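K.L.:
Residues per chain, in single letters:
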Amino acid sequence: MSNPSPAARGNRWGAWALIIGTVAIVVIAFGYVGGWLAPHRLTPTRIVNQFQANAGTFPGYRRNHAKGVCVSGYFQSSGQAADYSVAQVFASNQRTPVVGRFAIPGSNPYAPDGSVPIRSMALRFALDNGQQWRTGMNAMPVFPVSTPQAFYEQLQAQQPDPATGKPDPNKVAAFFAAHPETVAFRAWAKTAKPSASFASERYNSLNAFEFVDAHGQRHAVRWSMVPEAVGTADSTVSANDPDYLAASLQQSLSQGELRWHLIVTLAEPGDPTSDATKVWPADRRVFDAGTLVIQSTEPQESGPCRDVNYDPLVLPDGIEASDDPLLPARSAAYADSYLRRTSEEAHLPGTAQTVVKPHSEVKQ
Amino acid sequence: MKNSTGTFCFAARVLHWLMAVMIVAMLFIGVGMVASVSARHTWLVSIHKPLGIAILILVVVRLAVRLRNPPPPLPDDLPLLQKFAAHASHWVLYALMIAMPLVGWAMLSAGGYPVMLGESLRLPSIVPASPVAFAVLRHLHTWLALALFFTFIAHMAAALYHGLIRRDGVLDSMAGSKHANM
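In order, the protein sequences belong to chains A and B. Read in order, the letters of the first sequence correspond to residues 179 to 542 in this note's numbering. Read in order, the letters of the second sequence correspond to residues 103 to 284 in this note's numbering.
This is chain A alone, in the form it adopts within the complex (with noise of 0.2 Å):
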């Protein structure tokens, strides 16, 4: 081995060409598919900075929904959705715990109530065998489009611009132009109204999602959580309280539980499972699994839903995501957020610590 011919010398160069090569192969598919080599993927990080972007960062709070109350009570089964669904927490006369969050949505936890009209409602259900369901829904009949990249631009054409601090309204005039599907949603956004509480709204998944049987059949469905509470005009709320949800909350609880009808909505052959932008047809039928009751709430900086990441796809046996493409994004980008607040809460190094005050220096 201590004198090669030259034939061997050339035979080694080829070895290291070949070591090397390989090693450099490997290294950059590992880069291309964690995304470093790949910047112009849509990632869980780049969603949440934009988020951050756009409203300023919140050290310890949910980058997006972070304005929000903790509630508790359990979910009563009817039985109703036994017939479709073996998860165990629609087993008839099976009572569930529920540690829920109503929020509204945008990233900044000190916004005013009234400066959006939407109102969301995130639940976990803890079943009896250890599983568990987390649902996080909304108060509106359609998401305003249907893909991650579609929400993706449409945050980015929102992005305040930094000269007036407002949203630059060519930027989002173009957005909606180029993107249709956003018609429906917009057409009841311009006349929908912040409601004066949590309690009277009605709470929709948006997503469809997959009731699978005893017999492993499965039924594309969607879901709503109906009050039984009548709601009030927004009139009726104070304008000077930017926290009326969280008070209004609290005193109807003070009167006694809230209820809510998990009403579940069947599909058709046909009806769009993958496209929340759409309603399905109004005679649809339609079940009532059972009823959520609500009977106490907290402060989400000490409640039990503070560490709670609301994903979507943290689903029980019975219940399964349909081909959705926002809910894997959602599930993928409320995870990151999820690291971020408990990283900032850990106080870990190079994560945000500046506690922004109420309407002050929030950035853009």
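Honestly, I wouldn't trust all of these hints.
Stated by the list, open to error - Only pairs whose alpha carbons sit at most 20 Å apart, straight line, appear in this in silico SDA-like list of lysine to any residue:
no.: 1; chain 1: B; residue 1: LYS151; chain 2: A; residue 2: ALA365
no.: 2; chain 1: B; residue 1: LYS151; chain 2: A; residue 2: GLN258
no.: 3; chain 1: B; residue 1: LYS151; chain 2: A; residue 2: GLU498
Stated by the list, open to error - FRET-style restraints, in silico, Cβ to Cβ:
no.: 4; chain 1: B; residue 1: ILE267; chain 2: A; residue 2: GLY308; range: 20 to 30 Å
no.: 5; chain 1: A; residue 1: GLY209; chain 2: B; residue 2: ARG115; range: 45 to 55 Å
no.: 6; chain 1: B; residue 1: SER148; chain 2: A; residue 2: ARG187; range: 46 to 56 Å
no.: 7; chain 1: A; residue 1: GLY394; chain 2: B; residue 2: LEU248; range: 47 to 57 Å
no.: 8; chain 1: A; residue 1: HIS397; chain 2: B; residue 2: PRO172; range: 52 to 62 Å
no.: 9; chain 1: B; residue 1: ILE267; chain 2: A; residue 2: LYS349; range: 35 to 45 Å
no.: 10; chain 1: B; residue 1: TRP145; chain 2: A; residue 2: VAL457; range: 27 to 37 Å
no.: 11; chain 1: B; residue 1: LEU225; chain 2: A; residue 2: HIS397; range: 20 to 30 Å
no.: 12; chain 1: B; residue 1: VAL234; chain 2: A; residue 2: GLY308; range: 21 to 31 Å
Read the hints as simulated data drawn from the structure, not as lab findings. On a predicted model such as this, the values are computed, not experimentally measured, just so you know. By construction, the Cβ of each residue, glycine as well, lies at the ideal position given by its N, Cα and C atoms.
Fit chain B to the known structure of chain A by using the hints.
P.N.:
Frame of chain A; chain B shown alone:
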């Protein structure tokens, strides 16, 4: 029980190559799923968890096989520094093969997630729910994964170096081809 055959025993070789495929797949699945918002994200996550637990089980089996069947010695003429690097990197690989699934499992437990390996198969939580523990473990999972990836790269490069440059039978001892040792 000194190994004088010059090759790893059959069980060790099968476990090595099976786990090599699983671990490399796992590393790519892991970095891919956290950098994706598409439908890939969902199915990669659903593979990642059961595959991780399978690796944890296999590494325990593998350590037992290794204890009963000591690996063949490294060539006598291998420089001391390379011998040290070989031994150290192997123990780092074993440590990471055990740590990665456990950290992943603990991280999901700390995050308050049900640790689901399939539609209904659920593992118990191994640490209490805590956002601080979740954040630390979640970051640790990433850093250990990168450490595992680069240790794997070094291991693969060293194996090729033994096989193509030194031609000292080390690669053959795991590849299983006879005429190990020159």
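K.L.:
Hint by hint, note whether the structure agrees.
P.N.:
Each hint, compared with the structure:
no.: 1; hint: B:LYS151 to A:ALA365; result: violated, 43 Å
no.: 2; hint: B:LYS151 to A:GLN258; result: violated, 33 Å
no.: 3; hint: B:LYS151 to A:GLU498; result: holds, 17 Å
no.: 4; hint: B:ILE267 to A:GLY308: 20 to 30 Å; result: violated, 53 Å
no.: 5; hint: A:GLY209 to B:ARG115: 45 to 55 Å; result: violated, 30 Å
no.: 6; hint: B:SER148 to A:ARG187: 46 to 56 Å; result: holds, 51 Å
no.: 7; hint: A:GLY394 to B:LEU248: 47 to 57 Å; result: violated, 40 Å
no.: 8; hint: A:HIS397 to B:PRO172: 52 to 62 Å; result: holds, 57 Å
no.: 9; hint: B:ILE267 to A:LYS349: 35 to 45 Å; result: violated, 58 Å
no.: 10; hint: B:TRP145 to A:VAL457: 27 to 37 Å; result: holds, 28 Å
no.: 11; hint: B:LEU225 to A:HIS397: 20 to 30 Å; result: holds, 29 Å
no.: 12; hint: B:VAL234 to A:GLY308: 21 to 31 Å; result: holds, 23 Å
Hints 1, 2, 4, 5, 7 and 9 from the list above are not met by this structure, while the remaining hints are.
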